[in-house]
Amino acid sequence: MSTTESSVGIVSAQQALFDVPLDLACGKTLTSYQLIFETYGELNAAKSNAILICHALSGHHHAAGRYQPDDKSPGWWDSMIGPGKPIDTRRFFVVALNNLGGCHGSTGPSSINPATRQPWGSAFPVVTVPDWVMAQARLADRLGIDRWAAIIGGSLGGMQALQWSIDYPDRAANAIVIASAPKLSAQNIAFNDVARQAILTDPDFHGGDFYQNDAIPRRGLRLARMLGHITYLSDDGMGEKFGRMLRSGEYKFGYDVEFEIESYLRYQGDKFSDYFDANTYLLMTKALDYFDPAKDHGGDLVVALKKATANFLVASFTSDWRFSPLRSRELVQGLIAADKRVAYGEIESTHGHDAFLMTDQPYVDLMRAYLDRVAKEVAA
Amino acid sequence: MSQHSATTLRPDLQLIADWIPARARVLDLGCGDGALLAHLQSHKQVVGYGVEIDVGNIARCVTAGVNAVQGDLEAGLADFHDGSFDHVILSQTIQAMQHTEEILLEMLRVGREAIVTFPNFGFWENRWQILQGHMPVSETIPYQWYDTPNIHWCMLGDFEALCAKNGIGVLERVVMNEGRRIRVLPNLRGSLAFYRVARRG
Numbered sequence: 001m002s003t004t005e006s007s008v009g010i011v012s013a014q015q016a017l018f019d020v021p022l023d024l025a026c027g028k029t030l031t032s033y034q035l036i037f038e039t040y041g042e043l044n045a046a047k048s049n050a051i052l053i054c055h056a057l058s059g060h061h062h063a064a065g066r067y068q069p070d071d072k073s074p075g076w077w078d079s080m081i082g083p084g085k086p087i088d089t090r091r092f093f094v095v096a097l098n099n100l101g102g103c104h105g106s107t108g109p110s111s112i113n114p115a116t117r118q119p120w121g122s123a124f125p126v127v128t129v130p131d132w133v134m135a136q137a138r139l140a141d142r143l144g145i146d147r148w149a150a151i152i153g154g155s156l157g158g159m160q161a162l163q164w165s166i167d168y169p170d171r172a173a174n175a176i177v178i179a180s181a182p183k184l185s186a187q188n189i190a191f192n193d194v195a196r197q198a199i200l201t202d203p204d205f206h207g208g209d210f211y212q213n214d215a216i217p218r219r220g221l222r223l224a225r226m227l228g229h230i231t232y233l234s235d236d237g238m239g240e241k242f243g244r245m246l247r248s249g250e251y252k253f254g255y256d257v258e259f260e261i262e263s264y265l266r267y268q269g270d271k272f273s274d275y276f277d278a279n280t281y282l283l284m285t286k287a288l289d290y291f292d293p294a295k296d297h298g299g300d301l302v303v304a305l306k307k308a309t310a311n312f313l314v315a316s317f318t319s320d321w322r323f324s325p326l327r328s329r330e331l332v333q334g335l336i337a338a339d340k341r342v343a344y345g346e347i348e349s350t351h352g353h354d355a356f357l358m359t360d361q362p363y364v365d366l367m368r369a370y371l372d373r374v375a376k377e378v379a380a
Numbered sequence: 001m002s003q004h005s006a007t008t009l010r011p012d013l014q015l016i017a018d019w020i021p022a023r024a025r026v027l028d029l030g031c032g033d034g035a036l037l038a039h040l041q042s043h044k045q046v047v048g049y050g051v052e053i054d055v056g057n058i059a060r061c062v063t064a065g066v067n068a069v070q071g072d073l074e075a076g077l078a079d080f081h082d083g084s085f086d087h088v089i090l091s092q093t094i095q096a097m098q099h100t101e102e103i104l105l106e107m108l109r110v111g112r113e114a115i116v117t118f119p120n121f122g123f124w125e126n127r128w129q130i131l132q133g134h135m136p137v138s139e140t141i142p143y144q145w146y147d148t149p150n151i152h153w154c155m156l157g158d159f160e161a162l163c164a165k166n167g168i169g170v171l172e173r174v175v176m177n178e179g180r181r182i183r184v185l186p187n188l189r190g191s192l193a194f195y196r197v198a199r200r201g
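Taken in order, these protein sequences are the chains called A and B.
UniProt numbering numbers the first residue of the first sequence as 1 and each following residue consecutively.
UniProt numbering numbers the first residue of the second sequence as 1 and each following residue consecutively.
Hints are supplied without guarantee of correctness; some may be wrong.
Pairs of lysine to any residue residues, derived as SDA-like cross-links and limited to a Cα-Cα distance of at most 25 Å, are as follows [claimed, not checked]: (1) A:Lys340 with B:Leu108; (2) A:Lys306 with B:Lys44; (3) A:Lys286 with A:Ile216; (4) A:Lys340 with B:Asn57; (5) A:Lys271 with A:Asp78; (6) A:Lys307 with B:Gly83; (7) A:Lys306 with B:Val110; (8) A:Lys340 with B:Ala24; (9) A:Lys307 with B:Val47; (10) A:Lys340 with B:Gly32; (11) A:Lys340 with B:Asp72; (12) A:Lys340 with B:Arg109; (13) A:Lys306 with B:Val47; (14) A:Lys307 with B:Gln45; (15) A:Lys376 with B:Arg109; (16) A:Lys295 with A:Leu30; (17) A:Lys340 with B:Arg23; (18) A:Lys306 with B:Glu178.
Read the hints as simulated data drawn from the structure, not as lab findings.
Next up, chain A with everything else stripped away, as it sits in the complex (with noise of 0.2 Å):
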C-alpha cells in the first residue's frame, strides 16, 4: 500500500429521480423526489466495494475532492477519502449523498412543490432518519449496489450508519459510527431546541414560509449556528485557539466585537446563514432529537442491535461534550450485550465533537486499520 495521498480531483455531482412514493415516519408520503450525490472511485464488477457516506448535521453530498482546481476548499471529509487516505478510492467506491431535507440539491423545504409549483416550505414533511436510509436504500438499488461494503458516518451521519445495520442487515457489511449516539441526551435534545428557536421566533421565519415573503431568516439561523459551534468545541480546544484575545488589544466597554472568539463565531454564523436554509436546520435537529432505534424494540437497544449482521467500528473523541465518549459507549454495551462484532476507539483530541471531521493521528491509523479489513473482506 502506497504512503501518497493525493485527492479524488475534480468531481460533480448526479441527480437521481425517484418517483414511486415514500411513506414517512409521520405518516406523510413523498410521491416523488430527488437525491444529489456524489460518487469517487470504481465500483468492481462483483459491486462488492461500494462505501455509502452518510452526513451531519449542516453536510452534504460534497464530500471530497473540488468542482473547479481554484474552489477554496474541497468536499467536507476530503481528509479522510481519496487516493491512500483511510477510505481509499483506489479500492472502493464512494458514494455521498445529500439526504432527504437538505438545502443543496436533494428535495426539501426550499425546493418546489410540485403540487403547488411553490417552494415545500412548512408543508415539507418531518423527514427522519429511518426515512432518509430508506431513501438511501433506493439510491443504492438505482446504483446496482446490493450490500455496502461499509456505511460510515460521524454523528448524525453516525445514526444513520447504525439505523442501515439494524432496517436492512443485509445490505450493511460494516458500520463505522464516529462521535454518535444511539439516542440524544435531554441536554442534546435542550441544546437542539434552543437553536429551533432562534430560528422559530426569528419575524423573517414567516413560520417556514419566507421563501415567498421574499426573507431570510438570517438572524435565527446564525444564532443557531453560533450556539451548535459552541458544543461542537471543547473548552481546551477553544481556550488554545482564541483565550481572551481582543482584537484591538484594550477593552472598549460595549456591545461590539471585542473578543476574537466573538468575531469568531459571528463569522461562521454569517457564514452559515449565507448558504444554509433555516427549514433544514430545524428538520436535522428533529432528526437528531427522534432517532432511537431502541424505541421501536421495546425501548431495548440490545434486541435493536440484535438484528444487525455489519461488524461495527465506534469512535469517540475525548473532548466531545456534545456527543460524549459516554454515548458511544452506551452503543458499545448494546453491541456486545447483541453479540456483535465491534472494535471501539476513544481518541484523545482536543477537537471536541469536530474531532471526527479533523485528522487527529490515532483517530486516522485506526479508521485505516478498519477500513484495511474492510478492504480485505470484500477483495477490494
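Position chain B against the provided structure of chain A, taking the given hints into account.
Just chain B now, with coordinates in the frame of chain A:
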C-alpha cells in the same frame, strides 16, 4: 484467518489458551495486540472481546480481526453485563492495578471463571536480590523500582488468601519458570503463576 494463527503463541499465552474450551465466550482484559484472542478465534472458534487502554493496540486488534474495546480496567467492567462470559482473562496485569480486589470481583461478576496470571514475587531469584539489598529486576519483572508500573506484588499464598476472603475457589493452578512447569516448591522455584478461579457454590 488472522495473521497470528500461523505464528506460535507466547508460552504463557499458550497455557491460558489450553485452559479455554472450544466455542467459549472469552473476555481478555489488557488484550494488547489481540494475539491470544486471534489464536483462540482461529483454533477454538471462541467468541472473544478484548479490553485495551492503548488506542494503537485497538488498531492492531482490528487488523488481527479481534473485537477490542478501548477502556481503562481501573474503571471496572461496566461495559459488560453480569455473567456474559465463560472466561475472563487478566494476564500479568493484576500486580500493576490500583484496584486489585475490585477487578477480581468484576471479573467474576461478568464471567463464570477468571484466569489470572502474575509474576510470583516469591520466586527465589527475587528473594536473592532482596537479600543482596535490591528490589528484584528479572525477566518477569523487567523494571527498576522507581519506574515500575507494578504496585501490588504478591506471592502464591497471598493471591490465594485474597480469593478465599472473597469466597473464590481455585479450580486450577500452574506455576512456571522459563516455560517449564514447576511442581516442587512452586512458590520458591516458579516465576510466573497461573490461576483459574471461580465463585464457590
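Outcome of the hint check:
For the hint pairing lysine 340 of chain A with leucine 108 of chain B, the CA-to-CA distance comes to about 22 Å; that is within 25 Å, so the pair holds. About 24 Å separates the Cα atoms of lysine 306 of chain A and lysine 44 of chain B, which keeps this hinted pair within 25 Å; it holds. Note on lysine 286 of chain A and isoleucine 216 of chain A: the hinted pairing holds, with a Cα-Cα distance of about 20 Å set against a maximum of 25 Å. Between lysine 340 of chain A and asparagine 57 of chain B the alpha-carbon distance is near 20 Å, which keeps this suggested pair within the 25 Å criterion.
Under the criterion of a C-alpha separation no larger than 25 Å, the hint pairing lysine 271 of chain A with aspartate 78 of chain A is consistent with the structure, at around 20 Å. Restraint check for lysine 307 of chain A and glycine 83 of chain B: satisfied, since their Cα atoms lie roughly 22 Å apart, inside the 25 Å limit. Of the pairs offered as hints, the one joining lysine 306 of chain A and valine 110 of chain B holds, with about 20 Å between alpha carbons and a cut-off of 25 Å not exceeded. Using a Cα cut-off of 25 Å, the hinted pair lysine 340 of chain A and alanine 24 of chain B holds, with the two alpha carbons roughly 15 Å apart.
For the hint linking lysine 307 of chain A to valine 47 of chain B, the alpha-carbon distance of about 18 Å falls within 25 Å, and the restraint holds. As the CA atoms of lysine 340 of chain A and glycine 32 of chain B are separated by approximately 20 Å, the hinted pair is consistent with the 25 Å bound. Simply put, lysine 340 of chain A and aspartate 72 of chain B have alpha-carbon atoms about 21 Å apart, close enough for the 25 Å limit, and the pair holds. Proximity of lysine 340 of chain A to arginine 109 of chain B is assessed by CA-CA distance (about 21 Å); at most 25 Å being required, the pair is judged to hold.
Restraint check for lysine 306 of chain A and valine 47 of chain B: satisfied, since their Cα atoms lie roughly 15 Å apart, inside the 25 Å limit. Distance hint between lysine 307 of chain A and glutamine 45 of chain B is fulfilled; the C-alpha atoms sit about 22 Å from each other, no more than 25 Å. This hinted pair does not check out: lysine 376 of chain A and arginine 109 of chain B have alpha carbons roughly 37 Å apart, beyond 25 Å. For the hint linking lysine 295 of chain A to leucine 30 of chain A, the alpha-carbon distance of about 24 Å falls within 25 Å, and the restraint holds.
As the CA atoms of lysine 340 of chain A and arginine 23 of chain B are separated by approximately 15 Å, the hinted pair is consistent with the 25 Å bound. Proximity of lysine 306 of chain A to glutamate 178 of chain B is assessed by CA-CA distance (about 45 Å); at most 25 Å being required, the pair is judged violated.
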